[in-house]
Amino acid sequence: MGLYNYDSTEIPKSDRIPKLVENLYAKMPEIESARAILITESYRQTENEPMVIRRAKAFAHILENIPIVIRDLELIVGSTTIAPRGCQTYPEFSYEWLEAEFDTVETRSADPFYISEKTKQELKEANAYWKGKTTSELATSYMEPETLLAMEHNIFTPGNYFYNGVGHVTVKYGEVLAIGFSGIKAKAQAELDKLCLADGDYQKKSRFLEAVMISCDAAIEYARRYARLALKEAEECTDPVRKRELLQIAQNCANVPEKGATGFYEACQSFWFVQQLLQIESSGHSISPGRFDQYMYPYYQKDMESGKITREFAQELMDCIWVKLNDLNKCRDAASAEGFAGYSLFQNLIAGGQNEEGIDVTNDLSFMSIQASMHVFLPQPSLSVRVWNGTPHEFLIRAAELTRTGIGLPAYYNDEVIIPSLMSRGLTLRDARDYNIIGCVEPQKSGKTEGWHDAAFFNMCRPLELVFSNGMDKGVRIGPATGNVEDMTTFEQFYDAYKKQMDYAIQLLVNADNAIDMAHAERCPLPFLSSMVDDCMKVGKTVQEGGAVYNFTGPQGFGVANMADSLYSVKTLVYDEKKITMGELKEALATNYGKGLGAEDVAAMTAKIANELKEAGKTIGEKEVAAILNTVVAASEAPEVKANGERILKLIEEVPKFGNDIPEVDAFARDVAYTYTEPLQNYKNPRGGSFQAGLYPVSANVPLGAQTGATPDGRLAYQPVADGVSPSAGKDVNGPTAAANSVSRLDHYIASNGTLFNQKFHPSALSGRNGLENFVGLIRSYFDQKGSHMQFNVVSRETLLDAQKHPEQYKHLVVRVAGYSALFTTLSKSLQDDIIRRTEQGF
Numbered sequence: 001m002g003l004y005n006y007d008s009t010e011i012p013k014s015d016r017i018p019k020l021v022e023n024l025y026a027k028m029p030e031i032e033s034a035r036a037i038l039i040t041e042s043y044r045q046t047e048n049e050p051m052v053i054r055r056a057k058a059f060a061h062i063l064e065n066i067p068i069v070i071r072d073l074e075l076i077v078g079s080t081t082i083a084p085r086g087c088q089t090y091p092e093f094s095y096e097w098l099e100a101e102f103d104t105v106e107t108r109s110a111d112p113f114y115i116s117e118k119t120k121q122e123l124k125e126a127n128a129y130w131k132g133k134t135t136s137e138l139a140t141s142y143m144e145p146e147t148l149l150a151m152e153h154n155i156f157t158p159g160n161y162f163y164n165g166v167g168h169v170t171v172k173y174g175e176v177l178a179i180g181f182s183g184i185k186a187k188a189q190a191e192l193d194k195l196c197l198a199d200g201d202y203q204k205k206s207r208f209l210e211a212v213m214i215s216c217d218a219a220i221e222y223a224r225r226y227a228r229l230a231l232k233e234a235e236e237c238t239d240p241v242r243k244r245e246l247l248q249i250a251q252n253c254a255n256v257p258e259k260g261a262t263g264f265y266e267a268c269q270s271f272w273f274v275q276q277l278l279q280i281e282s283s284g285h286s287i288s289p290g291r292f293d294q295y296m297y298p299y300y301q302k303d304m305e306s307g308k309i310t311r312e313f314a315q316e317l318m319d320c321i322w323v324k325l326n327d328l329n330k331c332r333d334a335a336s337a338e339g340f341a342g343y344s345l346f347q348n349l350i351a352g353g354q355n356e357e358g359i360d361v362t363n364d365l366s367f368m369s370i371q372a373s374m375h376v377f378l379p380q381p382s383l384s385v386r387v388w389n390g391t392p393h394e395f396l397i398r399a400a401e402l403t404r405t406g407i408g409l410p411a412y413y414n415d416e417v418i419i420p421s422l423m424s425r426g427l428t429l430r431d432a433r434d435y436n437i438i439g440c441v442e443p444q445k446s447g448k449t450e451g452w453h454d455a456a457f458f459n460m461c462r463p464l465e466l467v468f469s470n471g472m473d474k475g476v477r478i479g480p481a482t483g484n485v486e487d488m489t490t491f492e493q494f495y496d497a498y499k500k501q502m503d504y505a506i507q508l509l510v511n512a513d514n515a516i517d518m519a520h521a522e523r524c525p526l527p528f529l530s531s532m533v534d535d536c537m538k539v540g541k542t543v544q545e546g547g548a549v550y551n552f553t554g555p556q557g558f559g560v561a562n563m564a565d566s567l568y569s570v571k572t573l574v575y576d577e578k579k580i581t582m583g584e585l586k587e588a589l590a591t592n593y594g595k596g597l598g599a600e601d602v603a604a605m606t607a608k609i610a611n612e613l614k615e616a617g618k619t620i621g622e623k624e625v626a627a628i629l630n631t632v633v634a635a636s637e638a639p640e641v642k643a644n645g646e647r648i649l650k651l652i653e654e655v656p657k658f659g660n661d662i663p664e665v666d667a668f669a670r671d672v673a674y675t676y677t678e679p680l681q682n683y684k685n686p687r688g689g690s691f692q693a694g695l696y697p698v699s700a701n702v703p704l705g706a707q708t709g710a711t712p713d714g715r716l717a718y719q720p721v722a723d724g725v726s727p728s729a730g731k732d733v734n735g736p737t738a739a740a741n742s743v744s745r746l747d748h749y750i751a752s753n754g755t756l757f758n759q760k761f762h763p764s765a766l767s768g769r770n771g772l773e774n775f776v777g778l779i780r781s782y783f784d785q786k787g788s789h790m791q792f793n794v795v796s797r798e799t800l801l802d803a804q805k806h807p808e809q810y811k812h813l814v815v816r817v818a819g820y821s822a823l824f825t826t827l828s829k830s831l832q833d834d835i836i837r838r839t840e841q842g843f
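full-length UniProt numbering applies: residue 1 is where the sequence shown begins, and numbers increase by one.
Errors might be hidden in some of the hints.
[Stated by the list, open to error] Computed cross-link-like contacts, SDA-like style, restricted to lysine to any residue with a CA-CA straight-line distance of at most 25 Å:
1) LYS19 / ARG71
2) LYS19 / ILE82
3) LYS500 / GLU416
[As the list claims (entries may be wrong)] Computed spacing ranges between beta-carbons, pair by pair:
4) ASP199 / ASN470: 14 to 22 Å
5) GLU235 / ALA26: 26 to 34 Å
6) ASN770 / GLU235: 53 to 61 Å
I should point out that these hints are in silico values taken from the structure, not numbers from a laboratory. Keep in mind the model is a prediction, meaning the values are calculated, not measured. Even glycine gets a Cβ: it sits at the ideal position worked out from N, Cα and C.
Can you make the complete structure from the sequences, with help from the hints?
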């Protein structure tokens with residue numbers, strides 16, 4: 001380990017990989033029904049047993065009976081569906097949304113799936129059993145009415161875990177590689193043997209440990225099924241090369257994951273079974289491989305030193321894993337699909353960084369991970385690299401070469417911020433140094449954490465709307481009555497009103513998250529996952545019940561730049577310079593700066609006026625409603641309204657914006673971010689852990705922006721909100737270093753659930769060695785100023801526009817969306833437009 005002069009020409013690109021990729025993307029992803037049918041069969045047979053046992057028996061029943069397949073040319077086997085990139089369904093979490101979308105899921109704009117009529121019927125029959133038994137229904141019953149109302153009015157959305165499994169975890173892959181599931185089963189038995197029948201918690205602990213052992217046996221038998229299938233196919237195979245490959249696959253699957261891996265090939269296969277089976281157990285995403293280059297390295301090193309394996313073959317095995325990571329898939333409801341567009345499962349694999357003793361451990365596999373992403377050129381895994389002052393320079397140059405391809409990988413993370421940030425949340429120094437990234441940008445210690453990252457999307461712009469409406473939305477009270485904005489004589493009064501709206505909304509968000517948390521613990525404990533997380537077996541609890549060493553809930557806020565620019569504009573134009581009145585600004589926002597109202601605005605204002613009249617005791621008929629409607633439309637189209645809107649927009653454009661290295665504005669943005677991050681950390685979750693803020697949107701800034709009216713930063717109604725901690729699109733006009741300087745002035749330490757900083761470069765900016773050196777210098781400079789994360793798109797605006805017009809010519813164009821990459825042509829047009837709008841930088 002240490003510094004490397006790494007020559008990538010030593011590792012040729014196999015022609016196996018392009019064929020695997022071509023086969024993977026030959027058809028639209030398909031929804032299959034096997035898992036739903038099998039879990040329903042099992043649940044019917046275990047009605048009166050403890051839930052954790054029911055879960056384990058259902059897992060075993062699925063793995064014993066789900067159809068299996070070995071795809072052509074595969075060296076690493078294990079597929080959740082027969083169809084490439086297909087997905088199973090998970091009715092124990094929710095099912096109503098899918099049935100409602102049976103007829104539209106194939107034609108929707110974001111992440112469409114094919115579903116046959118036969119599958120629809122099979123799912124309807126299976127789903128009928130789950131009425132009243134899902135986690136989403138139980139969670140709803142735990143939520144307060146005002147929480148549900150806030151969700152209905154799009155103040156925040158916890159839909160990620162409301163309708164699906166949690167995931168967002170990295171398990172102890174290294175332990176499975178070392179001792180196999182037979183070893184983990186033996187550990188569970190040892191803990192069971194320690195228990196006393198008369199202990200008050202014996203029943204709960206013993207049943208959990210029994211469930212772990214059932215799950216381990218199920219994983220072992222599943223691998224044996226693949227061993228038998230590989231032997232059968234080998235017997236029938238006439239190609240001598242493929243026959244030898246199938247025989248080796250059979251031998252691998254007979255050994256792992258039951259036993260510890262004896263070499264790199266077995267370690268690769270064992271890793272993949274863990275990754276795939278975690279997905280089968282629950283519908284969670286962001287199940288992240290973590291520090292793959294660390295726990296896999298001993299097997300690689302041993303085989304290389306003994307001559308058992310060549311670097312070429314080791315690279316090919318890694319390339320095959322990279323392809324398999326793109327085979328996993330899940331179907332989300334249409335609204336969530338807009339927020340997670342690109343068929344992404346956010347499987348974050350991180351390379352480089354330091355070990356528990358603070359020594360850099362960049363190795364051959366770190367470089368080969370970058371090479372695998374170059375070979376496969378697909379969105380998964382969501383490759384990341386750790387950066388600190390001990391990172392080899394050539395490793396960063398190699399990472400920059402991957403960035404230069406335009407794939408949007410890797411993302412870059414700063415050890416110097418993330419390690420102390422995690423320690424401030426209670427992690428030991430050794431655990432914090434061994435962090436990896438989950439999903440988009442969320443740090444955690446692998447094998448010890450149930451982080452509940454990505455627990456909700458919180459749109460920081462919506463509470464500002466409630467300030468202008470005195471807590472009302474569409475004629476309904478959603479937030480506290482903070483007063484008429486026109487009566488607020490100082491900016492401090494206005495800002496305090498915003499903070500009150502934020503505090504109230506954050507409480508409701510916590511209520512929603514905790515309700516969903518409790519529902520998962522009661523109805524969907526996960527014994528297989530819990531067998532690979534400390535200290536679940538020692539304390540006798542699943543991760544859902546608080547068995548992990550570290551427990552957090554991490555909902556993310558976004559729109560920091562919009563809020564900073566909005567509040568700074570209000571302070572400057574209304575209170576400091578008095579160029580506009582609050583009444584004029586309120587009218588401009590209500591009429592979308594004089595550009596006319598959309599249908600949603602008209603409907604909202606009509607409902608508001610009608611509701612006010614009803615409260616005043618006046619009867620509202622159809623004619624009266626029509627008259628209100630005409631009045632609202634006419635008011636929004638009046639010449640004086642348009643002129644006022646245009647004047648105010650022009651004044652707002654002249655106010656300095658976040659992202660241009662203006663300390664006064666940047667300090668304001670830092671304080672605005674605190675309105676979300678500081679209150680949130682005061683709350684606890686049902687697992688005994690605390691809430692921690694993230695500042696990133698995935699891609700929800702686009703669909704949730706489409707539910708948000710005009711804001712005082714000049715953003716028009718229904719346009720995207722700024723993504724993560726990045727400046728608003730097009731507002732950072734002083735170059736990439738200025739933007740990075742601004743973003744670094746935010747407090748990245750308090751946002752310990754992750755921050756996301758996007759930048760877009762023209763390809764010419766990274767050309768040649770000099771371009772790469774400048775790029776690495778930018779990253780180092782930003783990280784020296786205590787920025788936490790950076791990620792990049794390196795693609796021209798012209799290319800993206802042409803890809804919109806001619807998608808058939810850009811099937812393999814991969815771009816960075818938010819905390820993940822995706823094929824550009826699979827994204828909805830609104831999300832494509834958001835990426836195109838981002839400022840194109842150059843050195």
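We went through each hint and held it up to the structure:
no., hint, in the structure
1, LYS19 / ARG71, "holds, 11 Å"
2, LYS19 / ILE82, "holds, 18 Å"
3, LYS500 / GLU416, "violated, 34 Å"
4, ASP199 / ASN470: 14 to 22 Å, "violated, 56 Å"
5, GLU235 / ALA26: 26 to 34 Å, "holds, 27 Å"
6, ASN770 / GLU235: 53 to 61 Å, "holds, 58 Å"
Violation of the numbered hints given earlier is confined to hints 3, 4; the remaining hints are satisfied by the structure.
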